[in-house]
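Trainee: In case you want the letters, here they are:
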Amino acid sequence: MSAHATPRPGTPADETDAHTWTGRARRWLLKKLPPDKLLPEDQPSYVASWSYVFGMGAIASLLWIVISGIVLGLNGPQWYHVSSLGSFVNSTHLWSVEFFFIFMVVHLWLKFWMAAWRGGRALTWITGVLSFVVSIVAAFTGYLLQTNFDSQWIAFEAKDALNAVGVGAWFNAANVGQLFTWHITLLPLAVGAVVVLHVLLVRVHGVAPPLEAAESDAQLLHNRRESTQPPGYTQPPESTESRDAVR
Amino acid sequence: MTGWLVASVGTVGEGTYFGWDGFTIQSGNLIVIVVMIILFVLALVLPFPGGKRRK
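Residue numbers (this note's numbering), protein chains in the order written: chain A, 1471 to 1717; chain B, 578 to 632.
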């Protein structure tokens, strides 16, 4: 390690001096997502709308899906199929999935009619689509784990389609043990990873403004005026919360 | 062993289906779709509490 790579404790690191992959990664991450964008204290005025609630509703539902799923997994099928408390937790697991999909679909509709992929948000839109698709597969494996005649019917209707596309060996709808692994480890990790990436991208680009906001919103008009300022102009600190309103 | 199997098989009902001219939908699916449409419309028209006080 060279001498210039270790600033004294308490001394701000010179971010232009990064010469290792960790340093370059830190510099890139801090540039893309500085702490005030990762955990903002203010949002633009148009966010005070029910249209901006459903994404967080889906995340809240997902949290309860994970928590109730952990409880179900640790206690096992003989608990959640027989005991009253087990059946209740099992039902909350199902109903949180229902709410998750309801909120996610309303979120999808609202963002579609808002054209929320505007302003460099294409990857945010794509990760949203991905989370929807992976969630459908996760929910499908959940229906197969009901271990009743309903799940048996679904499994044997699905197995021919899965075999036809060549994934039957790794995703065998008739193998409950294999499906349990898919449902409680691989698919939740995939849903969680895509959702985290989706939320981080929302933080990077800011929430999408409504279509009409660019013409009427005071913060967006303020932001537009700033973009015409000469180089070297520094933004007043009281207006920093709105600087990312439009990309 | 057999107790929980028996307990689990009795939970599936036939379900109620609605159909018009070849189109069929189960009542639960129809309810979820109607609820989503209602939530979509309400999100557009209902005022957000405390919204006027926000920056």
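These aren't lab readings, by the way, just hints derived from the structure by calculation.
Cβ coordinates follow ideal geometry from the N, Cα and C atoms, glycine included.
A couple of the hints might just be wrong.
Unchecked claim - Quick list of simulated restraints, FRET-style, between CB atoms: (1) B:L621 with A:P1510: 49 to 55 Å; (2) B:V618 with A:P1504: 36 to 42 Å; (3) A:P1510 with B:V618: 25 to 31 Å; (4) A:H1489 with B:V609: 27 to 33 Å; (5) A:L1499 with B:V609: 35 to 41 Å; (6) A:G1647 with B:S604: 32 to 38 Å; (7) B:D598 with A:L1659: 25 to 31 Å; (8) B:I614 with A:S1519: 14 to 20 Å; (9) A:R1496 with B:E591: 36 to 42 Å; (10) A:W1583 with B:V609: 18 to 24 Å; (11) B:I615 with A:V1536: 25 to 31 Å; (12) B:I610 with A:T1655: 29 to 35 Å.
Trainee: A separate judgement is required for each hint: does it hold in the structure or not?
Mentor: Comparing the hints with the structure gives:
Distance hint check: the CB atoms of B:L621 and A:P1510 are about 25 Å apart, inconsistent with the given range 49 to 55 Å. The hint said 36 to 42 Å for the Cβ distance between B:V618 and A:P1504, and at roughly 38 Å that hint holds. For A:P1510 paired with B:V618, a C-beta distance near 29 Å keeps the hint of 25 to 31 Å intact. Distance hint check for A:H1489 and B:V609: the Cβ-Cβ separation is about 55 Å, which falls outside the suggested range of 27 to 33 Å.
For the pair A:L1499 and B:V609, the supplied restraint of 35 to 41 Å holds, since their beta-carbon distance comes to about 40 Å. Taken as a hint, the range 32 to 38 Å holds for the pair A:G1647 and B:S604, whose Cβ atoms sit roughly 33 Å apart. Restraint check, B:D598 to A:L1659: a C-beta distance of roughly 44 Å breaks the suggested window 25 to 31 Å. Taking the beta carbon of each, B:I614 and A:S1519 are about 18 Å apart, inside 14 to 20 Å as hinted.
Take A:R1496 and B:E591: their Cβ atoms lie about 59 Å apart, and the range 36 to 42 Å is violated. For A:W1583 and B:V609, the hinted distance range of 18 to 24 Å is satisfied, since their beta carbons lie about 20 Å from each other. For the hinted restraint 25 to 31 Å between B:I615 and A:V1536, the CB-CB distance of approximately 27 Å keeps it satisfied. Evaluation of the 29 to 35 Å hint for B:I610 and A:T1655 yields a pass: the beta carbon distance comes to about 31 Å.
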